[in-house]
Amino acid sequence: MFNMRAINIFRNQFTSRCQHANCSEMFKHIRWCSQFAFVPKHRPPEDWAIQHLQEFIDSHKRLLVLTGAGISTESGIPDYRSEGVGLYSTSSYINRKDFVSSSRARQRYWARNYIGWPRFSSFNPSFTHKTIAEWERRGKVHCVVTQNVDRIHHKAGNHKVIELHGTAFKVHCLSCKNMVTRHSFQRRLIDLNPHFAINPGEMRPDGDVDLTQDQVENFVIPSCESCGGVMKPYIVFFGDNVPKTRVEEVRENVNNSDGILVLGSSLYVYSGYRFILQAVENDIPIAMINIGETRADKHLTLKVEARCGEVLKNILI
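Per full-length UniProt numbering, the sequence shown runs over residues 1 to 317.
A few of these clues could be false.
To be verified - SDA-like cross-link-like pairs, simulated, lysine to any residue; straight-line CA separation at most 25 Å: (1) Lys313 / Ser101; (2) Lys313 / Asn95; (3) Lys61 / Arg43; (4) Lys140 / Ser59; (5) Lys140 / Arg119; (6) Lys232 / His195; (7) Lys155 / Lys313; (8) Lys140 / Tyr234.
Bear in mind the hints are in silico, worked out from the structure with no lab data behind them.
Let the sequences and hints guide you as you build the complete structure.
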């Protein structure tokens, strides 16, 4: 399924190419457009910035890599905050209070997530994901802390990944804490809603899509098979708290690092920003690749404002 927003964005380029290319080339161009449709406008990285980043990477042997939605935009998943392409400007989001207190909110969330899941779960690693995995294999990166819930780091081959905000690939009961895979939950949704088939709209970073209330009012949500309780994605929603054990695990890994590399995150959410403050307190240098202003800018040793994959392809280890 192609991303229609991407096709519209690049329509003029595409039309021009169609006049001179065969169908194979035409669809390659559509796929390329879809892949980078949610990457904000930016300039190519400058040589001096790449050189300084190379020196930063070379001078550290135990890097902790902190990743945000910016690296998954290169896989085709939109983020929330990026200017011009983020979803905050056009969409609302689910928060814990609404999900827990409102059965209609849960119905709407799961109906939209049900439609978006096949596509969301099929996204592949970007060049950035693959590079981080290779750096781990070579011993340069000792831990990845991700704010993303898409599990693409695992697909790329990383083994030491702390999912700060949880994962969309698990669902748990709010009462008895019973945990199931999102794929098995999808099968239950299919069984209970055999006639529910709607083409998805724009996808959110957690796999949700936009549907009208009329489209979702008859959608049936499975309850917990163990206790009959409410099932919730194993994700830290807005208004949720990151589990203390997870925070402490990240803090320990920050302390065991000699450098922090932030990739594709504005760090405006405190859940990730707190570890930058910890690094500053411990005199651990911080480098960042990100397009646009971030909450951590004043604490950075080095910042490269460009697409992560475009920068990392120039870095050797």
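Hints and how they fare:
no. : hint            : verdict
1   : Lys313 / Ser101 : violated (47 Å)
2   : Lys313 / Asn95  : violated (37 Å)
3   : Lys61 / Arg43   : violated (30 Å)
4   : Lys140 / Ser59  : holds (10 Å)
5   : Lys140 / Arg119 : violated (32 Å)
6   : Lys232 / His195 : holds (23 Å)
7   : Lys155 / Lys313 : holds (19 Å)
8   : Lys140 / Tyr234 : violated (30 Å)
Comparing the model with each earlier hint shows violations of hints 1, 2, 3, 5, 8; every other hint is respected.
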